[in-house]
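Could you put the whole structure together from the sequences, leaning on the hints where they help?
Protein chains in written order, with this note's numbering: chain A, 45 to 207; chain B, 7 to 301; chain C, 9 to 777.
No lab work stands behind these hints: they were computed from the structure.
Just so you know, these numbers come straight off a predicted model, no measurement behind them.
Facing chain A, from chain B, some residues (calculated, C-beta under 8 Å):
hint : residue
1    : Met7
2    : Leu13
3    : Gly38
4    : Ser57
5    : Gly107
6    : Asn113
7    : Ile114
The calculated lysine-lysine pairs, modelled on PhoX-like cross-linking and capped at a C-alpha distance of 20 Å, are:
hint : chain 1 : residue 1 : chain 2 : residue 2
8    : B       : Lys11     : A       : Lys49
9    : C       : Lys511    : C       : Lys555
10   : C       : Lys149    : C       : Lys752
11   : C       : Lys174    : C       : Lys316
12   : C       : Lys67     : B       : Lys53
13   : C       : Lys556    : C       : Lys511
14   : B       : Lys181    : B       : Lys215
15   : C       : Lys642    : C       : Lys439
16   : B       : Lys53     : A       : Lys49
17   : C       : Lys67     : B       : Lys11
18   : C       : Lys555    : C       : Lys586
19   : C       : Lys135    : C       : Lys56
20   : B       : Lys11     : B       : Lys49
21   : C       : Lys556    : C       : Lys582
22   : C       : Lys135    : B       : Lys49
23   : C       : Lys617    : C       : Lys413
24   : C       : Lys642    : A       : Lys175
25   : C       : Lys316    : C       : Lys168
26   : C       : Lys582    : C       : Lys555
27   : C       : Lys684    : B       : Lys275
28   : A       : Lys175    : A       : Lys196
Computed far set for chain B versus chain A, every beta-carbon distance over 10 Å:
hint : residue
29   : Leu27
30   : Gly48
31   : Ile69
32   : Gln93
33   : Lys146
34   : Leu152
35   : Lys160
36   : Gly162
37   : Val164
38   : Asn186
39   : Lys215
40   : Ala242
Backbone N, C-alpha and C define an ideal beta-carbon position, used for all residues, glycine too.
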Amino acid sequence: MAQYKLIRCTINGEPVERMIDVRASLTDMLRNDFHLTSVKKGCEVGECGACNVLIDGEAFNSCIYLAAWADGKSIRTLESLTGPNGELSDIQQAFLDEAAIQCGFCTPGFLMTAVEILETKKLYTRDELRKLLSGHLCRCTGYENILNAVEKTMKRRLGVPAE
Amino acid sequence: MYDLKALYEATSVQNAVELRLEHPEAQIIAGGSDVLVQMREGKRAGKELISIYGLDELRGVSIDESGNIRIGSLTSFSHITRDPIIQKYINVLGEAVDMVGGPQIRNIGTIGGNTCNGVTSADSASTLHAWEAIVELTGKNGVRRLPIKDFYIKAGQVDIRVEDGEIQTAILIPKASYENTFGHYIKYAMRNAMDIATLGCSVNVRLSKDKKTIERARIAYGVAGPVPMRAPHAEAVANGQALSLDLIDRFGLAVLDDINPRDSWRASKAFRQHIAVEMAKRCLFTSIQLAGGEL
Amino acid sequence: MSIVGKSEIRVDAYDKATGRTKYYEDRMPGGALYVRIKHAEIAHGFVKSVDVSEAVRIKGVVKVLTCFDAPEIDFPTAGHPWSMDPGHQDVADRRLLNTHVRYWGDDVAVVIAEDEVAAMQGVRALKVEYDPLPFVLDAQKAMEEGAPQLHDDYPNNILKHTSVRKGDYERAIREPGLIKVEGWYDTPTVQHCHIENHGCFAYADNGRITVVSSTQIPHIVRRVVGQAIGRPWSDVQIIKPYIGGGFGNKQDALYEPLCAWCSLEVGGRPVRIDCTREETFVSNRVRHAIRFHIISWIRPDGSMAARKVDLYSNQGAYASHGHSIVAKAMGSFPQLYPCDNMECDAYTVYTNLPAAGAMRGYGMPQASFANDSNIEECAHAVHMDPVEYRNRFIMPQGYEDGFSKNVNYYDSHRECLERGKQLIGYDEKIKAFANDKGPIRRGVGCASFWYNTAVWPIALETSSNRMLLNLDGTVTMQCGETEIGQGADTAFAQMAAEAIGLKSYRDVRVVSCQDTDTTPTGLGAYASRQTYVAGFSIRQTAELLKKKIFAYAEKLTRQSVDNMDVRGGNVVRKSDGKVLISLSELAMTAQYNPQDSEHITAESTYTIKNNAYSFGCTFAEVEVDIPMCRVTVKNIVNVHDCGTLINPALAEAQVHGGMSMAIGYGMSEQLLFDQKTGRPLNNNLLDYKLSTVMDHPDLAADFIENPEPTSVFGTKALGEPPACSGAPAIRNAIYNATGVALHKLPMNPHNLYAAFSEAGLIHDSWQEG
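Here's what the structure looks like:
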């Protein structure tokens with residue numbers, strides 16, 4: 045017999061409540077119930093990072109996170125970064141400017157980890173940034189321009205001159 | 007969509023114990039990074055799950071009245087790494103669990119899950135063995151504590167008494183184990199991130215006051231056998247000995263008397279033995295340096 | 009040129025950065041049924057029976073179809089243009105479902121269900137009985153007498169054997185004083201690992217069948233679906249939305265035919281096939297593992313007297329792209345390091361492994377590893393610096409290939425080598441590293457590669473294009489060349505804006521989504537061809553559009569069409585640059601003129617009868633930790649002569665991606681199979697070691713921009729070339745660091761342990777006895 049659970053959570057700043065099938069992953073819930081299709085499926089076992097979202101400020105692969113656990117949490121997806129009139133945030137703009145986007149499938153996941161990194165307001169070395177971004181696989185970019193975009197945005201936010 | 011039969015969400019440790027007694031066939035799920043993956047593979051398909059993920063009381067690091075470090079079983083790897091107590095007293099554990107998978111996995115993965123699944127490759131396991139951690143279990147008869155070496159029974163099996171409704175609630179590092187002790191962990195894997203260990207080696211030392219002699223050396227491996235293991239022969243070679251490069255070489259070779267890695271498609275036995283020796287040497291060298299010894 | 013050559017932001021970047029871009033799964037119709045595939049769990053044999061009784065009883069299961077239900081139609085899958093010559097058509101050896109199982113993972117049955125879980129449960133509930141047969145996984149073993157046979161029409165499992173004969177090899181090797189440099193070079197099975205798995209959905213409407221698919225080649229897939237389900241091709245509509253990478257895997261008809269058939273079997277209801285990552289690794293396509301045997305006979309001055317190259321290409325269970333790949337690999341040998349006396353033989357051999365198809369580089373990553381490894385050994389044999397050796401013996405300027413008529417118009421190879429040398433600091437590093445004798449040693453090395461652009465004259469090269477002048481003076485453009493992540497749409501917009509004379513590339517609205525019902529026929533993304541071939545049809549169509557614009561402008565302005573041009577979005581008088589009318593005013597007037605209404609459009613097809621060389625090299629610097637059997641790539645740089653860059657920033661980004669793939673190919677990637685059963689061992693992203701961001705140094709890319717004379721915009725191949733020379737450059741750097749010549753990819757710790765042990769660099773005393 046199917047089992048359902050009422051969950052109340054905040055998604056991209058909006059409080060929501062929904063009956064969910066307890067078998068659902070958070071990816072299933074965000075894509076199917078809330079049409080947040082920036083959440084991508086690349087492996088469904090937490091190895092590629094395409095489904096990454098922020099839960100209470102930390103990055104999680106939503107494919108291996110039960111939707112039932114979302115109860116009481118604040119969840120952010122890429123959709124939350126864009127302003128009401130379509131304005132891009134600085135990190136999104138940096139991905140455009142640095143040619144950090146190719147097929148675009150890993151992009152939402154990377155961007156949300158970048159948000160987590162930037163919100164620490166810390167200055168990281170390039171090697172530290174590599175480690176912080178290492179939960180995402182990309183086959184198009186060789187990661188080079190993604191790193192550049194995150195590094196430049198970090199420095200801009202912290203007022204550190206770019207090299 | 008996971009092929010799970012039912013989900014029971016525990017509201018407290020007590021409730022988790024009750025649920026476990028009520029549903030002995032059910033699988034405990036903490037962060038889920040192993041359980042859900044196995045369920046999707048079909049291995050645990052159609053099973054009931056008891057989720058303890060919501061039990062915030064099992065999160066966090068503290069020092070108890072006896073001076074032991076207490077790590078709640080649901081503490082995530084990233085929180086362990088960032089914890090000031092860990093950083094001060096047993097930094098190597100924070101470094102070891104900072105090598106698990108990638109950042110998102112370290113946010114969901116818990117130290118309890120990492121030990122309860124009983125796998126030899128767990129990045130926390132060799133360090134916990136080398137620091138003689140104590141596992142705390144809570145069941146219908148209250149709390150039971152046992153040394154981590156006794157907790158592991160065989161590959162994939164740990165000493166948790168389902169019939170008593172037990173769940174793991176904490177991991178303790180005794181004061182005697184961590185005082186004046188410095189350690190280093192090397193994870194050997196095929197990639198620098200998102201990988202499981204081909205071999206993991208954790209060494210720690212306590213030096214004499216004059217920093218010339220090893221008072222106590224401990225070494226443990228992951229993937230050198232079916233469960234994480236100490237290397238007592240190697241430890242015996244080092245204990246009480248004066249620091250020297252030759253000692254480090256002898257220590258490294260002595261691990262071969264202890265370890266028993268297997269041939270698998272992931273790595274050959276010969277290769278694992280080769281790097282085990284090298285890793286023991288490098289870990290001991292760095293541990294001595296961290297302890298203030300000169301070589 | 010003012011628009012071409014600029015580092016513009018991608019036309020699709022905004023949507024991708026905001027998560028709005030729709031991939032196939034984001035366009036899923038509500039209520040689509042889930043199709044899950046039962047894959048064989050033996051490597052070779054026949055299906056005796058499939059017991060579906062338990063599966064059909066599962067709640068939510070709609071239908072189970074087995075190999076005994078599938079039509080007995082053999083079809084080809086390769087993403088090649090169709091050939092009117094039956095002798096040049098792709099091998100048709102594929103069925104929708106198979107009673108004859110030819111690899112572990114072959115498709116045996118499907119369960120169609122209301123939801124994902126029911127479909128999975130249904131597949132698990134199927135009971136398949138097999139008559140197992142012996143199997144063979146190695147290409148050379150499969151050629152032996154008595155080896156298990158996969159396909160009746162191909163004795164000794166040889167799908168095809170072709171040769172190159174040049175001069176007289178046997179006579180040439182009798183020249184006195186020759187030095188023999190011989191080696192076997194082994195490359196592994198690897199997979200594309202685009203982050204979006206292949207998937208598709210299908211439904212039937214008004215008697216026609218539509219498939220929305222993650223594919224690189226919509227028009228070709230339409231043909232294959234028609235062939236596979238036995239319907240006229242025009243009954244099939246393929247829609248290609250944005251896709252999450254392809255790299256050649258999606259240059260094949262994958263599960264579109266099966267999906268179409270499943271929909272028809274449930275009355276045309278929408279059905280979806282979403283490959284899991286595990287399926288993508290095994291049941292899509294892989295890159296051919298090719299084994300090379302090279303014998304080079306060189307004179308003491310290093311010059312090549314004679315050369316013999318044998319290539320054994322592991323095709324896996326089905327033909328897919330078949331022999332084309334190893335044939336391309338073989339074709340590079342006589343050209344890259346020309347030699348008067350050559351004997352080359354290439355074999356493509358069926359084995360009980362997943363089918364190998366196209367993958368970025370199409371045989372050249374393999375050939376480059378073998379060739380530039382052997383060349384490195386030749387340089388060592390005559391004590392010559394390896395770069396100097398290449399400079400002396402690599403294809404010279406002016407070289408012309410007799411078959412393709414490709415000409416090396418510039419001294420591309422040497423220019424690239426020289427630039428690469430400077431960028432990596434070759435001379436200083438060679439000197440600095442020469443004294444590394446300890447456990448940790450550094451080294452530097454390089455490799456060149458051969459590549460070309462497009463598939464002419466082997467196959468058809470055609471490009472079609474449609475331009476519609478919009479009322480605001482912008483232009484909507486449709487073409488059959490596809491955006492697969494590489495940035496094609498942006499390059500097309502830049503070229504079209506340039507060709508028409510618009511103000512900005514943003515004034516070209518490229519219809520990114522191909523729909524075979526409405527998109528002019530094109531062949532799709534492969535062979536690093538699209539920028540080159542689309543250039544021809546874009547220019548031609550732009551000329552036609554302008555002709556129509558001028559004709560209408562003449563009516564409005566009474567100026568001579570011969571004195572008109574379009575500049576900055578205006579029709580201008582050529583002689584003095586005076587603006588006669590803006591395109592928007594012209595379009596509005598033309599559209600809404602009650603006496604003479606015209607929607608100004610143009611459409612044309614261009615048949616390309618050219619090809620172009622595209623060359624370059626990689627320089628790599630490594631640090632080798634000998635006791636730990638570990639190599640760290642410290643620096644790596646690629647230099648390409650791909651002609652004029654249409655968009656330098658995107659070109660550079662594409663090179664980064666290719667370099668990353670080459671590093672993975674060199675260092676860590678390999679799809680493994682259990683030798684006892686044929687079962688795949690590591691078909692997931694944890695166990696298959698794709699490089700993470702922590703496994704790279706910073707990637708450097710540079711270009712020599714020699715305009716390609718045959719190309720409209722001076723451009724030529726760049727999609728695949730960056731993936732070709734990375735692995736051998738790293739290999740040669742390791743050789744430089746340690747003196748150990750590796751002959752097998754990947755150069756992971758397992759293979760390094762074996763090689764260093766054999767070379768005596770590591771010595772485990774306890775291993776003896």
